[in-house]
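There are 2 protein chains.
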Amino acid sequence: MKTCSFDKLLPYLERGMALGTALNIMDWDANTAAPEEASEYTAKALGILSQEAFCALINPEVKEIIGQIDEESLSDKEKAILKKLKKEYKRSEAIPAEEMREFGELCSRATRVWQKAKQDNDFSIYAPYLEKLIAYKKKFAAYAKKGEEKLYDILLDEYEESFGMKELDRFFGKLKEEIIPLLKKVSEAEEIDDSFLYQEYEIEKQKEFNHFLAEYLGFDFKRGVIAESEHPFTTSWHNHDVRITTHYYKNNLTSAILSTIHESGHALYEQGVEDDLTQTLVGEGASCAMHESQSRFYENIIGRSQEFWEPLYPKLVETFPKQLMDVPLEKFVRALNKVKADLIRTEADELTYCLHIMVRYELEKQMIEEEASVKELPELWNQKYKEYLGVVPKEEKEGILQDVHWSMGDIGYFPSYALGNAFAAQIYHTMKKELPVEELLKQGRISEITKYLREHIHRYGALKEPRQLLKELTGEEFNPDYYIQYLKEKFEKVYHL
Amino acid sequence: MKTCSFDKLLPYLERGMALGTALNIMDWDANTAAPEEASEYTAKALGILSQEAFCALINPEVKEIIGQIDEESLSDKEKAILKKLKKEYKRSEAIPAEEMREFGELCSRATRVWQKAKQDNDFSIYAPYLEKLIAYKKKFAAYAKKGEEKLYDILLDEYEESFGMKELDRFFGKLKEEIIPLLKKVSEAEEIDDSFLYQEYEIEKQKEFNHFLAEYLGFDFKRGVIAESEHPFTTSWHNHDVRITTHYYKNNLTSAILSTIHESGHALYEQGVEDDLTQTLVGEGASCAMHESQSRFYENIIGRSQEFWEPLYPKLVETFPKQLMDVPLEKFVRALNKVKADLIRTEADELTYCLHIMVRYELEKQMIEEEASVKELPELWNQKYKEYLGVVPKEEKEGILQDVHWSMGDIGYFPSYALGNAFAAQIYHTMKKELPVEELLKQGRISEITKYLREHIHRYGALKEPRQLLKELTGEEFNPDYYIQYLKEKFEKVYHL
Chain L
1 MKTCSFDKLL
11 PYLERGMALG
21 TALNIMDWDA
31 NTAAPEEASE
41 YTAKALGILS
51 QEAFCALINP
61 EVKEIIGQID
71 EESLSDKEKA
81 ILKKLKKEYK
91 RSEAIPAEEM
101 REFGELCSRA
111 TRVWQKAKQD
121 NDFSIYAPYL
131 EKLIAYKKKF
141 AAYAKKGEEK
151 LYDILLDEYE
161 ESFGMKELDR
171 FFGKLKEEII
181 PLLKKVSEAE
191 EIDDSFLYQE
201 YEIEKQKEFN
211 HFLAEYLGFD
221 FKRGVIAESE
231 HPFTTSWHNH
241 DVRITTHYYK
251 NNLTSAILST
261 IHESGHALYE
271 QGVEDDLTQT
281 LVGEGASCAM
291 HESQSRFYEN
301 IIGRSQEFWE
311 PLYPKLVETF
321 PKQLMDVPLE
331 KFVRALNKVK
341 ADLIRTEADE
351 LTYCLHIMVR
361 YELEKQMIEE
371 EASVKELPEL
381 WNQKYKEYLG
391 VVPKEEKEGI
401 LQDVHWSMGD
411 IGYFPSYALG
421 NAFAAQIYHT
431 MKKELPVEEL
441 LKQGRISEIT
451 KYLREHIHRY
461 GALKEPRQLL
471 KELTGEEFNP
481 DYYIQYLKEK
491 FEKVYHL
Chain E
1 MKTCSFDKLL
11 PYLERGMALG
21 TALNIMDWDA
31 NTAAPEEASE
41 YTAKALGILS
51 QEAFCALINP
61 EVKEIIGQID
71 EESLSDKEKA
81 ILKKLKKEYK
91 RSEAIPAEEM
101 REFGELCSRA
111 TRVWQKAKQD
121 NDFSIYAPYL
131 EKLIAYKKKF
141 AAYAKKGEEK
151 LYDILLDEYE
161 ESFGMKELDR
171 FFGKLKEEII
181 PLLKKVSEAE
191 EIDDSFLYQE
201 YEIEKQKEFN
211 HFLAEYLGFD
221 FKRGVIAESE
231 HPFTTSWHNH
241 DVRITTHYYK
251 NNLTSAILST
261 IHESGHALYE
271 QGVEDDLTQT
281 LVGEGASCAM
291 HESQSRFYEN
301 IIGRSQEFWE
311 PLYPKLVETF
321 PKQLMDVPLE
331 KFVRALNKVK
341 ADLIRTEADE
351 LTYCLHIMVR
361 YELEKQMIEE
371 EASVKELPEL
381 WNQKYKEYLG
391 VVPKEEKEGI
401 LQDVHWSMGD
411 IGYFPSYALG
421 NAFAAQIYHT
431 MKKELPVEEL
441 LKQGRISEIT
451 KYLREHIHRY
461 GALKEPRQLL
471 KELTGEEFNP
481 DYYIQYLKEK
491 FEKVYHL
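Going down the list, the sequences are from chains L and E. Residues in the first sequence are numbered consecutively from 1, following the numbering used here. Residues in the second sequence are numbered consecutively from 1, following the numbering used here.
Just so you know, the hints here were simulated from the structure itself, not pulled from any lab data. For clarity, every value in this text was computed on a predicted model and none was experimentally measured. Take the hints with a grain of salt, since some may be wrong.
The list treats identical chains as one, so a pair stands whether inside a single copy or across any two.
Computed cross-link-like contacts, SDA-like style, restricted to lysine to any residue with a CA-CA straight-line distance of at most 20 Å [stated by the list, open to error]:
#  : residue 1 : residue 2
1  : Lys166    : Tyr486
2  : Lys451    : Glu200
3  : Lys375    : Tyr159
4  : Lys338    : Gly475
5  : Lys44     : Asp276
6  : Lys394    : Ile48
7  : Lys331    : Asp349
8  : Lys90     : Lys375
9  : Lys322    : Val391
10 : Lys185    : Asn252
11 : Lys207    : Ala33
12 : Lys174    : Ile484
13 : Lys207    : Ala227
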């Protein structure tokens, strides 16, 4: 008999929220403020609190309550929270506590070893750790396996629910078919001159412009903070405290600008979640891919368009007159869209970005499903880069060692980035039918675009799943064709093909 | 039978440490970074974690363990930790949980009302809250009372162990006797011209100089951070992460400088605690007064001396040539020591500071021991300011409403500030016999002074009590005469009396 009211869960949920908030703040602090030698000591506190945060929701009492809740009587919000909680149980219950602990320790050691391996440009010292990580991930997936499920599908599902290999194979298959030939044509076209972006740009002035830019995009400084960190990121503890970071480079104007726009996209999503949902399990963006769809919509679809820059560019020229006085708007925007097949994912342009992800997706499939040995990975990596991007890493640190994800135990995460791009293009396709997007951008009325996204996506947090949000907004299921079409149209135009 | 090993306490102590660290970081963040509208939401997490931190150490399991520990077998460190824990139990066990919760809520409401009352310059809206706060504090003290103990002594003991009214009456009595006549003479002497300190001093340059200054004082930036906040403060989560803040004013050069020196004094103490003690209950400074003794030693005894500024002043002039070019070192140092009897404690000079504290001490005694009514307090305040400092507040916000302490439930805290000054002077008296302090300062060898303090005070954290530290360093019990003597000698010299 189901006899428990949802309210019985509240104290546990709130405790989990409180501990999660503390951990987020501590993580933010470690990345933006903490002094060099603090981490070893602070780690003791972090370790204890992480464990506590995990057990706040995963414990026998909560399990018993969950088992006794009558789902019929729940509101949509309560249902969504319960669903999320049950998923967490399913994932963690399958794994013996002891192995979970070992895995946590392995990840933290592997991340340190990866850092050193990257620094020393030596995959061999990291390889044994990666081997163990893969073994654990396969074992964990096997625990959760039902019937004919594939292990990599189980891993993928952890990050982006219900986007498995079948769908991703089709998606990346199309990319391969359409984007690689397009990239080839682009590579043969006349190179775009973007050298003016790499003059000296005073950092104080960059900061000023980037703060202005974030505000222009709608970032609410009463509910948010911008700081600096080695790698840009967004974090939030609730919809009234959302934080982004940027990294400024003296000899690169657009690195900070594009990352400010990207992170502002994430931040607008979080600031836009409804008050009623914030500080609950469904108070954040719906998924990694949906989050990336927002950040990349702002960064790429809008942020690299001429219409976006029309009202803004004069202010940028005013900020850097010496450097930009002789650069017309058209030249600036073309430079923002320069394509260059290269080695590093995080520095990739809009066109090649998904090919970087494709390499990783195929490699992960091989490690999990096809028994590729860890030893082979650097060579497999290099072959794929050669095949898809036409470039070959000279050093392991520019190749197989470039990303942190695997060392943190995240195998199956990368495809979210590519899905995010595709979600964004599908959303954009519908949005253009309902809003005069280009006109609005030209007139500096970007807030009306954000309002549209807020209405259809942001406000729901994780109350609805990505597939549902997409379907309700665009009227159809996930369809990567819009993304392919968007890329083709855009880059044929940019490169006059 | 005592059968429990101290180790049984460790998981509880570590959990308390972890939660305390999180709360400290969150508090720091709220004061230095958080956006305007965040606090209402973050407060939910803070409330839950504060409660949790309290219960981490105060709970039936820990109580049972404490009862079963064989103290004979403990190390000095373990003994000190246990003693601190027992004191915490004594304090909190006497008070019914329900009343503790009510009091917590009252404090948080009273603090908000106090803010508004100060803003509106209207004591009457705050008075009913202060009345309740006093009633609670008296009630709590009564719970802990044994035999003939006085209630105010019990409150005082909470902040500074074993410094009760008997000793404080004697201390403030001497101050009254010696300092008030001295202040009178100073007031009749020729006024010091410090107008040049209030020219325009560019904030960016002030920041640069203050960072240099902190480093010069020995603040270790690998283990610490300097940020900005409304009111300067120091906080730390362990000896490898100690943080101070400063507030810069465009038209005031020395406000930031003196607060940087003051907070650096606190920070040097915390950075100097031994690794073996940090992150334990005895891993912080020995007491409020001992902490103030360090901050005020650096700020006043050293930081306002000509010897200290001899190697530094050229750098300051170089930073602000336009403003200071025509100001010789002697004039600068005299300006730093200008005495002006005035209304606001936090802006008081070195000579009058203790008189501000004396007013508060006498008022607290009257509220707790002599049944002074809350209604009378503003008038009593004003009378005492007139009597001791010769000035009368025109508005309540410059009088009875100026300090936050009472609204937070801190009655009995103020005397620590004055004791800190007296500790500092006593320590200085001994130090001068063992170190050529003035020579060291002139030669920029301040690190040797800090080394001395580290050796005798900092490294012990709260392993030893203030009285013990003082006795071991100076060879005698607490003796306020050194402070009186120091003030007299100094200000007779400054004012050529």
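A quick look at each hint next to the structure:
no.	hint	verdict
1	Lys166 with Tyr486	neither (23 Å within a copy, 83 Å between copies)
2	Lys451 with Glu200	neither (36 Å within a copy, 45 Å between copies)
3	Lys375 with Tyr159	neither (26 Å within a copy, 63 Å between copies)
4	Lys338 with Gly475	neither (33 Å within a copy, 76 Å between copies)
5	Lys44 with Asp276	between (34 Å within a copy, 14 Å between copies)
6	Lys394 with Ile48	neither (42 Å within a copy, 53 Å between copies)
7	Lys331 with Asp349	within (17 Å within a copy, 61 Å between copies)
8	Lys90 with Lys375	neither (33 Å within a copy, 63 Å between copies)
9	Lys322 with Val391	neither (35 Å within a copy, 58 Å between copies)
10	Lys185 with Asn252	neither (27 Å within a copy, 64 Å between copies)
11	Lys207 with Ala33	both (17 Å within a copy, 17 Å between copies)
12	Lys174 with Ile484	within (8 Å within a copy, 86 Å between copies)
13	Lys207 with Ala227	both (10 Å within a copy, 18 Å between copies)
The structure fails to meet hints 1, 2, 3, 4, 6, 8, 9, 10 from the earlier list, while all remaining hints are met.
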